[in-house]
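K.L.:
Now for the letters of each chain:
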Amino acid sequence: MRMPGAKMVVEALKREGVEVVFGYPGGTIMPFFDFLHREDIRMILNRHEQGAVHAADGYARASGRVGVAVSTSGPGATNLVTGIATANMDSIPLVLITGQVPVDMIGNDAFQEADIIGISRPITKHSYLVLDVEDIPRIVKEAFHIARTGRPGPVLIDLPKDVSVAEGDFTYPEEVNIRGYKPILNGNSQAIKRAMDFVRRSKKPVIYAGGGIITSEASAELTAFARKTGIPVTLTLMGLGAFPGTDPLFLGMLGMHGTVAANQAVSECDLIIAVGARFDDRVTGRVSKFATKAKVVHVDIDPVVISKNVLVDVPVVGDAREVLQEMLKLAEPLPIDSWREELMAWKRENPLTYRQDCPVIKPQYVVEKIYELTGGDAIITTEVGQNQMWAAHYFLYDHPRTFLSSGGLGTMGYGFPAAIGAQVAFPDRVVFDIAGDGSIQMKIQELATAVLNELPVNIAILNNGYLGMVRQWQEFFFDKAYAFSCLGQRPSCPRHCNNPNGECPPYVPDFVKLAEAYGAMGIRVEHPEDVEGAIREAIQSPRTVILEFLVTREENVFPMVQPGAGINEIMIG
Amino acid sequence: MDYTLSVLVENHPGVLAQISGLLSGRGFNIRSIAAGETEDSTITRIIMVVAGDDRVIDQVKKQLDRLVVVIRITDLSEIPSVDRELALVKVSSTISRRAEVFQIVDVFRAKIVDIAHKSLTIEVTGVSEKVEALIEMLTPFGIKEIVRTGKISIARGEAVAEKGGESRA
Ligand SMILES: Cc1ncc(C[n+]2csc(CCOP(=O)(O)OP(=O)(O)O)c2C)c(N)n1
Ligand SMILES: [Mg+2]
Numbered sequence: 001m002r003m004p005g006a007k008m009v010v011e012a013l014k015r016e017g018v019e020v021v022f023g024y025p026g027g028t029i030m031p032f033f034d035f036l037h038r039e040d041i042r043m044i045l046n047r048h049e050q051g052a053v054h055a056a057d058g059y060a061r062a063s064g065r066v067g068v069a070v071s072t073s074g075p076g077a078t079n080l081v082t083g084i085a086t087a088n089m090d091s092i093p094l095v096l097i098t099g100q101v102p103v104d105m106i107g108n109d110a111f112q113e114a115d116i117i118g119i120s121r122p123i124t125k126h127s128y129l130v131l132d133v134e135d136i137p138r139i140v141k142e143a144f145h146i147a148r149t150g151r152p153g154p155v156l157i158d159l160p161k162d163v164s165v166a167e168g169d170f171t172y173p174e175e176v177n178i179r180g181y182k183p184i185l186n187g188n189s190q191a192i193k194r195a196m197d198f199v200r201r202s203k204k205p206v207i208y209a210g211g212g213i214i215t216s217e218a219s220a221e222l223t224a225f226a227r228k229t230g231i232p233v234t235l236t237l238m239g240l241g242a243f244p245g246t247d248p249l250f251l252g253m254l255g256m257h258g259t260v261a262a263n264q265a266v267s268e269c270d271l272i273i274a275v276g277a278r279f280d281d282r283v284t285g286r287v288s289k290f291a292t293k294a295k296v297v298h299v300d301i302d303p304v305v306i307s308k309n310v311l312v313d314v315p316v317v318g319d320a321r322e323v324l325q326e327m328l329k330l331a332e333p334l335p336i337d338s339w340r341e342e343l344m345a346w347k348r349e350n351p352l353t354y355r356q357d358c359p360v361i362k363p364q365y366v367v368e369k370i371y372e373l374t375g376g377d378a379i380i381t382t383e384v385g386q387n388q389m390w391a392a393h394y395f396l397y398d399h400p401r402t403f404l405s406s407g408g409l410g411t412m413g414y415g416f417p418a419a420i421g422a423q424v425a426f427p428d429r430v431v432f433d434i435a436g437d438g439s440i441q442m443k444i445q446e447l448a449t450a451v452l453n454e455l456p457v458n459i460a461i462l463n464n465g466y467l468g469m470v471r472q473w474q475e476f477f478f479d480k481a482y483a484f485s486c487l488g489q490r491p492s493c494p495r496h497c498n499n500p501n502g503e504c505p506p507y508v509p510d511f512v513k514l515a516e517a518y519g520a521m522g523i524r525v526e527h528p529e530d531v532e533g534a535i536r537e538a539i540q541s542p543r544t545v546i547l548e549f550l551v552t553r554e555e556n557v558f559p560m561v562q563p564g565a566g567i568n569e570i571m572i573g
Numbered sequence: 001m002d003y004t005l006s007v008l009v010e011n012h013p014g015v016l017a018q019i020s021g022l023l024s025g026r027g028f029n030i031r032s033i034a035a036g037e038t039e040d041s042t043i044t045r046i047i048m049v050v051a052g053d054d055r056v057i058d059q060v061k062k063q064l065d066r067l068v069v070v071i072r073i074t075d076l077s078e079i080p081s082v083d084r085e086l087a088l089v090k091v092s093s094t095i096s097r098r099a100e101v102f103q104i105v106d107v108f109r110a111k112i113v114d115i116a117h118k119s120l121t122i123e124v125t126g127v128s129e130k131v132e133a134l135i136e137m138l139t140p141f142g143i144k145e146i147v148r149t150g151k152i153s154i155a156r157g158e159a160v161a162e163k164g165g166e167s168r169a
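Read top to bottom, the protein sequences are chains A and B. Under our numbering, the first residue of the first sequence carries the number 1, and numbering increases by one thereafter. Under our numbering, the first residue of the second sequence carries the number 1, and numbering increases by one thereafter.
It is worth saying that the hints were derived from the structure and are not from the lab. C-beta atoms are modelled at their ideal positions from N, C-alpha and C, and glycine is treated no differently. Don't take every hint at face value.
[Unchecked claim] Now the in silico label distances, taken between C-beta atoms and shown as ranges: (1) B:Gly27 with A:Glu372: 46 to 56 angstroms; (2) B:Asn11 with A:Met43: 35 to 45 angstroms; (3) B:Val160 with A:Asp377: 55 to 65 angstroms.
Just chain B, with the same shape it has in the complex (with noise of 0.2 angstroms):
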């Protein structure tokens, strides 16, 4: 199963490469990690999906914890959250097609935001199910590039995510 980290810390040069070296050193498997500045521009949030099991997911945790430029973790698998993730697509597209491609950006709510004469890029934000299935339907046409940000995540309602579903092991 796949599991959301966000995960607050210092921000300092190197906290990155920390993380990072920390979870590939230990053979975990990371899906996608998503970094920026929080409303504290001396703390980066850095939202992560990891899969694994239970076990696996707490000596992550615990882990990180472990690092002293990480301030603070939270689970959002085990609370309700908004996720999203965001998509450049690139795809092949003669003149003929065009219409076809879209339609289908048009169902999928995504958006066109270049064209050329043999191309169109797309842009669609969403869970990553969505972000994914658009590009299936797109995959019919040629895709030449994909960038994906990676998910981000936020708790629902009142809870921030320091203060819900706290995970300080």
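One chain only, chain A, in its complex shape (with noise of 0.2 angstroms):
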């Protein structure tokens, strides 16, 4: 059938069973949302291009399914970047596609172009510019395919306002055959015997799990495996929900912020079974001092995470899930009892707590609330920095896909445009954005989105006027000197301020109104006693609601590792 290229593209969607996309228009990419919006794929459009990447990436974190954003060319483009780099960091499937300015104007400085390609390229799986209409097809199906496949990511597709407008013949291809893409799925064999050999002879095992278990939907058999084995539990920030955060068998997360029995765990062990993780400097401290007595099996799709940070004693290239059912097949119980109550009384005796020691609501308590009233059943997303700490200490997740959180970037901004996406996959679910008051406000202008799709995701804004998690780092390793860290701080203070107290000046913004202005609900929690009825009535409302907790201003998140220290090595608080 002949069309023109932007009609193509629309097309090539459906056949990808796309149902929605998230967007912003613009010039160079008119004729794609006028074609788009004939047919019924529905299309949110953000009040920003980096919203429109978060809202698709939590989509597809929450979904399973590729997230699609489109945008304009120039600074449509360029808005994108953040977004996409975020998800690439944290291997999530993405379609990103950007108008572009026509094929005989590229290179001319032309109104409105960027070189998105070339800004893009270190932080896209892949990426394509299309120079020719009949590329169309063949081009969206390789897209989706690499975007999906292997360690996932983002591809993204650069579409010349010419090129939309050509016509061309669709035909949709069955199937990809890109000679330079075959990730390896099924793990080598006799690695996976190896492996388990490691396994069997190993007194002090833990596993050490991540989001590649998520990715690749192996949930089950890892919690198969470690409960047919016996062998405890730890997960990355990126892996919470991999594995029941309520199964005994689970330590914690561990690194930096991880818990004493996670950490203790990995440093004295003597096998450390890696599964879809990577050994990120977050997770593993000082690497010299990093689990010195363990041998080390690493399962993973991608070879480069493999020997890259740690040194590796058996590799196993290949899909978690597919190598964990084959490790399950040899799989029996170990007798690593005394070890594994070692493990358990650490976990007893160094619990995750906090001192409910003033009047002031602690933002621990917060979160603990929200996972009480949900009982666990919501999708969490979170900003970063403290909030983003207690949101993985506080709620335990018992299913994957319900902690979605930017791990590998760390980018303030990232909750609340998520949880539109994980809103939007799953209209019926409980949706909470745990957010700080300073990456609530990257992203604000979301609101309208939310509201005006009536979408009922809460926002739980843990207030406590600092950029808490800099503040922390402030007040352990700079002498407290709060520079720049007070949201609060104006002309009229003191320069050098470290003592909030009564009379800082009035909080800005005042998210009561803000939330109103915007047609959402906005409520503000001022007294421990208030935090459960405001919650409940979040969680009934069918509007989009901002809860604005005002917390404790100088708490800090416990247990931590200090940056440069072994991950043993840490402050309790």
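Fit the two chains together into the complex; they arrive one by one in their own frames, and the hints show the way.
P.N.:
What follows is the structure in structure tokens.
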């Protein structure tokens, strides 16, 4: 069938089963939107292109499907960049479609031209500049394939305006064949056998699993493997939900803000079974002090991450699910009762705690209550900073795809648009963005998107008046000089202030009025006894809700491992 | 140590930028890079010399292999290969010292490819060490300009790079 390029893209999206795209229009992408709006693919008009990518990303993380975001050329395309980098770091499957100036204008500094392919090259899995309209079906097909297979990631298609209006023949390919792209899925059976030999011989094993479990839908296999062998499990931030947070074998998250039990386990174990995780520096702390007594089995689909930071004894390249299925076949209960008991004792004796020692709301309490009142049955997104760590600590994630957080890039402003994407994927689920007062302001304009699309997203702002995580580091490592981390600072304040008190000027903005200005519901909560009621109200309300909790200003996240220290050198608080 | 990789990539615009961007962005140390079309016009071959230890090279190979445009990587340091580099060297040379230059050129089996009143341009082909040695010998005359292609390599015997010493990680 002959049709214009822009229509081909829309047709191709339909063939890929796309039900929703997130985007923002502009000159060069107008032909695409013109065809899109004649189809029954849903389009969410975000209020910033970065919001569109994060929303597509949240949609992808929550649903397991490929997220699609669309923008115009130039500033529209450059506004995508932070979102693309966020998705790339966390291996999230996205297809980004950008308008581009006509082919013969490329390179001329034409109006709204940006070399988005060049700009985004280090932060995409792959990208395409479409030069011939006839290539569109193949390119879109490949883009979706590359985005979702192997180690997933964002793929960008740059679509010049003249190509999108040129006519060509639309035949959607059945198959993809890219000679340079053949991800290895099933792990080498010899390697798996060797890995299991290590498992059998070990006396103090621990499973360290990450986001790869969620990507490959391997939670059931991971859980079965741990329960069958009796090996305790620690998860990365990205892995939360991959193994039930309420399971007795769960040690908690490891790393910089990991639990004592998890970090001790990794430090004392004689075998690490790493699956779908990449030994990120926030996990390992000082590498030379990391797991010094352990042999390492590492299962990952991406050969790059194997032996990148930590030398591996048994590498297994493959899809986590397929490899775990094989490992499960060879698994038997291990005689490691005393080791497990030791870990369980650490866990019992070092729970995550905080002191409710003042009449002001504790941020941890808020997260705990959200957990309780949702019965754990909610999709939680986070911003970045202390709020993110408390969301990781005080909500127990029993299911994959329920904790959506920017782990690799640590992007403030991720959580709210991601919550919008998650709510679009699951209109009937309870969705909370656990937010900081700083982060929420980075993408606050998405309130319009949430309200107009009638998305009952709940934003729980843990308002400490600070860029709290920055302030925490200043408290510990910069002699408590709170340079530019107080969000209330004005010229009338003392230049050096590390003593927030009742005389501080009123907070800006007034989040309740802000919510109301957008047509959302705003509730300010100032006392611990009002926390529950407010959360209940938000859950029950069909509206977009901002809950602003005025929390203790100088609360710190513990446990904490100082940057540069070994992960067993833990500050408890 | 220096490693020589032969990398087959899709002959698309932007591929070289992608490869060199990846390597520089990740802090790898590339000594030379030479690219050209292969017997198949849809494929470009890039020969690159990378400095580093085993672990660095392992990362380079894996990172390159992850790129969709990279079709195959062969580590030529692992198999016997013929290595060549071509250099053009322009030296100052007054008429009185020409004979000396000619002599050196002769010993190295290099060629004079251009003569002007105050300069000579010499073409030399060979392994990189030979090129280095010639340059060193010519230095006292005053080198005005050097143009080097970077090393290219091909596997010895029947083996072709795609099959011998393959390193798909
Ligand atoms: C886009 C972006 N800019 C800067 C940072 C650095 N940063 C990390 S945490 C943080 C403070 C976040 O403050 P807030 O959202 O109020 O969260 P809190 O730590 O107070 O819970 C900052 C500035 C970042 N992660 N992302
Ligand atoms: Mg804050």
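K.L.:
If a hint holds in the structure, say so; if it doesn't, say that too.
P.N.:
Checked hints:
1. Range check, Gly27 (chain B) to Glu372 (chain A): about 47 angstroms between beta-carbon atoms, so the 46 to 56 angstroms window is met.
2. At about 37 angstroms, the CB distance of Asn11 (chain B) to Met43 (chain A) agrees with the hint of 35 to 45 angstroms.
3. Under the hint 55 to 65 angstroms, the C-beta atoms of Val160 (chain B) and Asp377 (chain A), about 59 angstroms apart, fit the expected range.
Of the numbered hints given earlier, the model fails none.
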